[in-house]
Amino acid sequence: MRIIDTYTIFGSWPAGGADLSLERLLQTLGANGVEKAIAHSTDCVFETTRGTLESLLQKTAEHANLVPAAAVDPTLLVKPWEFAAAAASRGLACLRFFPEIHDWPVADYLPFARCLEAIAPTGTPVSVAITRTGQITALSRVPHARDLPVIMVHVADDCMSEVAAVAPAMENWYLSTDGMSHLGLLEELADAIGVERLLFGSSAPRGSLTGSLEYVRRSALPDSAKEAILSGNAIRLFGDRLGNH
Amino acid sequence: MAIIDSLAILGCGAPCVEEFGRERLLQRMDQLGITHAIVASSLAISSDFEAGNAWLAEQIAGQKRLLGYAVVNTNHPEEALQDMRRYLTKQQFRGLVMIEGRPDTPVSSADAEELLNAYRRFAKPLLIFTPHRECVYAAAEIARKFELIKVVLVGMGGKDWRSAIAAARQHLNIYLQTTGEVSPSRIREGWAAVNGNRMMFGSGAPMTDPAVTLGMIREAGIPERDLQKLLFSNAEKTFAG
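These protein sequences, in sequence, are chains X and L.
Here the first sequence is numbered in the working numbering, starting from 1 and rising by one per residue.
Here the second sequence is numbered in the working numbering, starting from 246 and rising by one per residue.
With the rest of the complex left out, here is chain X (with noise of 0.2 Å):
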């Protein structure tokens, strides 16, 4: 079965902790198969600057198997939507968004929403880390992101009931199962939003991607549907953005 892990990270880790380096990515990727990953830097994250996007694009052009993907700071340039603009331009695989981490709330935040606008013309997906409920109800609210590919990562267990509630009228959103680990919980949302929707990540190496791909095949879902998790889906969301660096 091809693997794609539509989340990944790399770099150093403030926190401390969790040996991310590069290295480490590239060992477990390629210890666990997985054809293609989908990566942002912590540089990125941290400093969302074209100084880091453009390292991260030069590392991740080094190894075929990794696809980059840029983080963006709607708190920390004045005009963040034109970085934005500028990053979606780059064909890159999506753009990502950390609201508890940069610290901004989800609703009624005109510099994200502005972002999206500027994004909406390249199709690219965007991604968004849900950390806390009422994210995902606010986020459905943000013009414009009814209109992208959006993909809901890190959600945590207590904002499974929004994602149950909100996903089925956004035709265009998809559920990371980076950070998932609940027994049958899978199986539920597949039931709740459709197996179409959902991506296989894994936050690794910070998170286990052994363990994430674990509790795909370990599920009670049949093949096609781990298939669809672990590949297919992200081969029809991204498409070329796979293959163009």
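Not everything, but these chain X residues come out facing chain L in the computed CB check (under 10 Å):
| id | residue |
| --- | --- |
| 1 | G16 |
| 2 | G17 |
| 3 | D157 |
| 4 | E188 |
| 5 | S219 |
Derived by calculation from the structure, the hints in this document are not laboratory data.
Each residue gets a CB set at the ideal place from its N, CA and C atoms; glycine is no exception.
The hints should help you fit chain L onto chain X, whose structure is shown.
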């Protein structure tokens, strides 16, 4: 290879609709080759420990593959003492989970001193939830004051797992459990810190599917010769009854 899951929690299955009952746990254990599990009641942890402990005792009665933990809340010392006497004299109950109101509240060694003193005579491990560093520090204080009690850090400090590893380095009666953040680095570093002796497999199912925890352990690269210690014999020694 025999495998002991040193923590599963029976009862509430949320966010899944179905309850996480004995049969569901045993089914998952069979699928993954887990031979034994030590279980606590979700009701006992979240709300009514007396009712939860009583329910759990019924659930595991006659089950050779399932052992139990009693749970007590230090805010109810009289009832806690009664349940300690009621369950910890039984062979099937292998340890005590001590909480102070809620599992994310640090357990104060000062407030719980009387209970901890009483608990020493059972000579069984004490499990403390440590979802963050403040809980680790409080558990380390218990370990310091009560050197003869084996203190198991459930959750290993969550994202603050380095604090749990530091505490285990400092106190030889602190034991690490693989419940908590799904991070291979945490397992790799924890295992090295305790020289492969005071760390044991625990999933915390259903919150974490044991398949995920076992995958994380495999990814951590623990040498094959040590896996049996991590997955079985360290827990067997710790909880020998």
